[in-house]
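If you read the protein sequences in the order shown, they are chains A and E.
The opening position of the first sequence corresponds to residue 0 in my numbering, with each subsequent residue numbered one higher.
The opening position of the second sequence corresponds to residue 2 in my numbering, with each subsequent residue numbered one higher.
It cannot be assumed that every hint is accurate.
Result set (DMTMM-like, lysine to aspartate or glutamate): computed pairs, CA atoms no more than 20 Å apart in a straight line [unchecked claim]: (1) E:178 x A:25; (2) E:193 x A:65; (3) E:180 x A:58; (4) A:43 x A:5; (5) A:43 x A:21; (6) E:178 x A:58; (7) E:247 x A:5; (8) A:6 x A:25; (9) A:51 x A:10; (10) E:52 x E:204; (11) E:34 x A:102; (12) E:177 x A:54; (13) A:192 x E:281; (14) E:178 x A:102; (15) E:168 x E:204.
In case anyone wonders, no lab produced these hints; they're calculated from the structure.
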Amino acid sequence: MLLSHEKSYKDMVDSIVNLDEETAIELANKAINDKMNLMDVVEKGYAAGIRKVGELWEEGEYFLPELMRGAQIMQNCLDLLIPHLQEGSEGISRGKVVIATIEGDIHSIGKTIVGTMLRAYGFTVFDLGADIPAEKIVDFAIEKEVDVIGVSALLTTTMFGQKKIIEILKERNLLNRFKVILGGAPVTSSWVKECNADGFAENAIDAVKLVKSLLNK
Amino acid sequence: MLFHDWLKDDSKIVLFDGGFGSELIKRGLEPGKVPDMLNIEKPDTIVEIHKSYYDAGSDMCQSNTFGSTPLNLRIHNLEERINEIVEKALGNIQKACPPGRLVVGDIGPTGEFRPPVGNASSEEWYSSFATQTKLLEKGVDLFHIETVSDLEEMLSAVRAVKEVSNKPIIASITYKKTKRGFFTIMGDSLEKCINTLENENVDVIGANCTLGSSEMLDLVKQAVNMTDIPISVKPNAGQPRIEGTKTYYDQPIEEFVRDIQEMINLGIKIVGGCCGTTPETISEIRKIIDLI
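Excised from the complex, chain A in its bound form:
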């Protein structure tokens, strides 16, 4: 049993790395039908696959088209798996998170993967997309009564928008109402400190761990 699961995970990883959507979807459906542990399927299969794609990007083997295609295929598989992950816990969410890439910045792959992983782990996620003004993110967070605001910035010229979110919350006396987490390549722990944010994560799995710890889940 163990061996066949390991083979399934390897096949899932390979399907993402090979950008083979047909096989990836087939394996996801099989996992559901075989009643596999779907959290393991997400983490050891598809998330591991996209991490491998990221390594290939670092090695100079894969480029932006492959990165995007891998992310799309992974997203499509997770869209199949997530409803089954939440079975038996309908209506019970571990918390509400709004995510967005800040105004002036159109980078979205990392943010989208974070959203996908948070959903996979039972959080309700509102993804506002990219190039979103700080005020709009805050207004949305208030309206939807979220627990966590996650903001991504990949450019040094747009990072200041992350600080702006916390300044707006301060102006409106809402600092204690939300946790604010930051993401994006230029974000460092000293930037988080300067912004008075609640933390940052370098990858989607760490983002899930961070949100869980901030909400004591």
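Here the structure of chain A is known, so what remains is to put chain E in place on it, guided by the hints.
This is chain E only, laid out in the frame that chain A set:
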């Protein structure tokens, strides 16, 4: 025509300008603002920067129109101001340009990627570049299509410019250094780009941005063996250092200029600088060129 004369003159090394965006940031350009709009809002500043590069010894400088394709302006809700932006940009650079020097029409990428990264088509790219070229055409001596990270997009740009104008083209791609060599972020190799651009009969093949001067030197060592077409380089002043929201380029100018000297020795025809380089950088390059 002067630029063609320069290209034919084996003893002439053409000196381009240096970083423009980094000069604007020093002068208080707000993050997220489209620099091209400053042609209208702060024309004196734009003229001053152009003049600082001509005074430093640049043979040619490029117009502040990097972002002035309709597709890019649309993202910022500025498309309807394109005529005004380009007209003012040309007025500003022509004001600064002394006799005997040239005005280069700067054409940057559209910011729209093709699938699966984005939704752009070759037709959209072509149309966007053609519109920008028509607006620039009468006011420039040549075109610099630059910082393009997709060979497909560069092809659309080159073909659009050639449809509109007979003026010379420098086709400049931005490469990243990987363990396997130099590639665009879309996966086009240096060799594929050079071969493709040779087939398009561009006047000059270029590389700019992303790479610092020492990495650009490594690129040049490969590129000079791949083509006899004149090559243009505009490296960055090393890799940026980020502190909070500020970006610093720490590379000493002497180091940058030493690398440029080596690139000239290898046969590079046009040299200049991109992000982080300054009029002082250009001035030091002018000194070494004048000694040749």
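Hint check:
no.: 1; hint: E:178 x A:25; result: violated, 37 Å
no.: 2; hint: E:193 x A:65; result: holds, 18 Å
no.: 3; hint: E:180 x A:58; result: holds, 6 Å
no.: 4; hint: A:43 x A:5; result: holds, 9 Å
no.: 5; hint: A:43 x A:21; result: holds, 19 Å
no.: 6; hint: E:178 x A:58; result: holds, 10 Å
no.: 7; hint: E:247 x A:5; result: violated, 47 Å
no.: 8; hint: A:6 x A:25; result: holds, 14 Å
no.: 9; hint: A:51 x A:10; result: holds, 13 Å
no.: 10; hint: E:52 x E:204; result: violated, 26 Å
no.: 11; hint: E:34 x A:102; result: holds, 11 Å
no.: 12; hint: E:177 x A:54; result: holds, 16 Å
no.: 13; hint: A:192 x E:281; result: violated, 36 Å
no.: 14; hint: E:178 x A:102; result: violated, 29 Å
no.: 15; hint: E:168 x E:204; result: holds, 9 Å
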